[in-house]
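As given, the protein sequences belong to chains A and B, one line each in that order. To convert, note that position 142 of the first sequence is 142 in the working numbering; the numbers rise steadily by one, no gaps. To convert, note that position 158 of the second sequence is 158 in the working numbering; the numbers rise steadily by one, no gaps.
Calculated from the structure, these hints are not laboratory results. Here the structure is a predicted model, which means the values were calculated and not measured. Be aware that a few hints might be false.
[To be verified] To give an idea of the interface, some chain A residues facing chain B are shown, with a C-beta separation under 7 Å as derived from the structure:
{"no.": "1", "residue": "84"}
{"no.": "2", "residue": "139"}
{"no.": "3", "residue": "143"}
[Stated by the list, open to error] Listed next, the stretches of chain B that the computed footprint assigns to chain A, with coverage defined by at least 3 CB atoms under 8 Å from CB atoms of chain A:
{"no.": "4", "region": "39-49"}
{"no.": "5", "region": "141-155"}
{"no.": "6", "region": "258-265"}
[Claimed, not checked] Estimated spans, in silico, between C-beta atoms of each pair:
{"no.": "7", "chain 1": "B", "residue 1": "144", "chain 2": "A", "residue 2": "37", "range": "49 to 57 Å"}
{"no.": "8", "chain 1": "B", "residue 1": "265", "chain 2": "A", "residue 2": "87", "range": "57 to 65 Å"}
{"no.": "9", "chain 1": "B", "residue 1": "144", "chain 2": "A", "residue 2": "55", "range": "50 to 58 Å"}
{"no.": "10", "chain 1": "A", "residue 1": "96", "chain 2": "B", "residue 2": "62", "range": "43 to 51 Å"}
{"no.": "11", "chain 1": "B", "residue 1": "144", "chain 2": "A", "residue 2": "119", "range": "36 to 44 Å"}
{"no.": "12", "chain 1": "A", "residue 1": "156", "chain 2": "B", "residue 2": "144", "range": "41 to 49 Å"}
{"no.": "13", "chain 1": "B", "residue 1": "47", "chain 2": "A", "residue 2": "96", "range": "23 to 31 Å"}
C-beta: ideal position from N, C-alpha, C; glycine also.
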Amino acid sequence: MKKILIPVAILAVLGILIYSKAVGTYNEFVQLEEGINGEWAEVQTQYQRRVDLIPNLVSTVKGYAEFEQETLTGVVEARSKATSVQIDPTNLTPEKLAEFQQAQDQLSGALSRLLVTVEKYPDLKANQNFLELQAQLEGTENRIAVARRNFNESIKSYNATLRVFPNNIFAGWYGFAAKGYFEAAAGADKAPTVQF
Amino acid sequence: MRYPSASKLVVVLALFLLQGFAFAQEFPTAPNPPRLVNDFTGTLSAEELGKLEQKLLAYSDSTSTQVSIVLLGSVGVYDISDYAFQLGEQWGIGGKGKDNGILILAAMNDRKVFIATGRGLEGAVPDALAKRIVNNLILPNFKTEAYYQGLDEATDMIFKLASGEYQADEVMAEDSPVLAILFILFFIFIFVVLPIIKNRKDNNNHMGGKGGGIDFWTTLLLANALGGSGRGSSGGGSFGDFSSGGGSFGGFGGGSFGGGGAGGSW
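Given these sequences and hints, build the entire structure.
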């Protein structure tokens with residue numbers, strides 16, 4: 001009787017240990033994932049803020065009739081495209097993120113073309129309304145950069161926790177998968193060329 | 001075998017120090033003793049530094065809003081905006097939770113300046129206004145090398161914009177009176193009610209007559225003293241609070257920066 005009891009006790013202790021480890025790991029994953037959801041919400045808020053600024057910018061610039069129409073329509077089109085790509089935080093796969101980023105980068109490109117073109121119009125450049133919008137736009141780009149960095153940091157700690165042994169086994173059981181990073185925009189290392 | 005382990009420890013410590021050193025080269029560590037005005041370039045005279053420090057300190061004491069000025073040589077490969085946010089975040093300018101810090105960062109060799117607003121002040125000092133402060137107050141002065149003048153005017157304007165947004169913490173503001181009352185009641189119960197109940201049953205206290213135990217007034221005094229000390233220890237001492245009497249800055253509070261602000265170059 002005693003001989004059976006000892007292995008049973010060992011098994012029971014082992015079982016409790018594994019169970020508590022599994023529960024602890026699961027809770028850790030959930031907390032990290034919630035952190036990411038929060039950061040993602042911040043990223044989207046800041047991108048949304050930029051999208052919301054654009055109608056004002058466009059209407060201010062439109063007042064200068066001679067302004068290139070194609071640059072403006074480029075911004076408007078890129079804006080509508082960027083708003084059409086939305087990601088649910090539960091579905092933050094690398095592919096989805098790349099798609100979202102591509103749409104936003106197009107908008108960034110269109111906006112920077114617009115700002116470069118504005119250089120040719122001294123009246124517009126001196127317009128107080130335009131200057132304020134420009135400051136807001138710059139601030140929004142800064143906020144996007146900060147939100148993206150924070151998002152990447154929480155993705156990093158999530159992925160790192162997920163991939164180490166033995167968490168990778170637990171992650172497989174629970175169905176937690178590694179998530180994608182924001183990458184630097186393609187061509188971001190090249191400064192935009194200014195043509196006069 | 002104690003000696004090798006000790007030398008290992010020294011190596012590990014040295015590695016940590018080296019790491020800290022490499023880190024410090026990119027972002028200067030928060031000054032110790034803490035100061036609000038930090039000039040790593042020697043641009044401002046000692047008198048100007050003192051005047052700015054006193055001015056910013058008085059504002060921080062009365063409103064809890066921390067405006068900090070940092071002058072350094074170059075921000076290296078960073079955007080000055082990015083550098084300002086990371087430096088402000090690392091030093092923790094502004095109160096924790098309030099995030100009411102502002103960092104005016106000037107890179108003298110890069111000829112660039114940036115005003116970074118903490119998350120809590122983005123409403124009081126929106127980017128467009130920060131841009132105006134930079135363009136109208138800082139840059140014209142910096143162009144003529146009137147650095148003190150520029151910083152003085154800029155901080156004046158920031159004070160105007162940010163005043164009324166936050167109030168200084170009162171030392172006991174966070175204590176709930178309910179807790180203190182419960183605390184006192186607890187002591188009254190222990191030292192007054194319990195002895196009375198006990199004395200009712202057990203009159204054999206060798207003190208001549210009923211009563212005895214501890215005097216009621218002594219108890220009250222004791223309870224007050226204990227209650228008072230309890231309140232004091234929970235109220236003060238946190239890193240974000242500032243002593244109102246002292247003439248020196250108490251340290252940054254752990255504020256956070258979300259990317260607000262504006263800058264320019266001269």
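Hints, verified against the model:
Because the smallest distance between the Cβ of residue 84/A and any Cβ of chain B comes to about 25 Å, over 7 Å, the interface hint for this residue is violated. Hint status for residue 139/A: holds, given a least beta-carbon distance of 3 Å to chain B, under 7 Å. Annotation: interface hint on residue 143/A holds; nearest CB of chain B at approximately 3 Å, less than 7 Å. With 0 residues having a Cβ less than 8 Å from any Cβ of chain A, the region 39-49 of chain B misses the three-residue criterion, and the hint is violated.
Residue count for the region 141-155 of chain B with a Cβ under 8 Å from a Cβ of chain A: 0. That is fewer than the three needed, and the coverage hint is violated. Counting residues of the region 258-265 of chain B whose C-beta lies closer than 8 Å to any C-beta of chain A gives 5; at least three are required, and the coverage claim holds. Checked against the given bound of 49 to 57 Å, the beta carbons of residue 144/B and residue 37/A, roughly 50 Å apart, stay inside it. A C-beta distance of roughly 36 Å is found between residue 265/B and residue 87/A, which places it outside the suggested range of 57 to 65 Å.
With their beta carbons about 40 Å apart, residue 144/B and residue 55/A fall outside the hinted range of 50 to 58 Å. Taking 43 to 51 Å as the suggested C-beta distance range, the pair residue 96/A and residue 62/B conforms, at roughly 49 Å. Take residue 144/B and residue 119/A: their Cβ atoms lie about 26 Å apart, and the range 36 to 44 Å is violated. In this structure the hint that residue 156/A and residue 144/B lie 41 to 49 Å apart at CB holds, the actual value being about 46 Å.
A hinted range of 23 to 31 Å for the beta carbons of residue 47/B and residue 96/A is inconsistent with their spacing of about 58 Å.
Violation of the numbered hints given earlier is confined to hints 1, 4, 5, 8, 9, 11 and 13; the remaining hints are satisfied by the structure.
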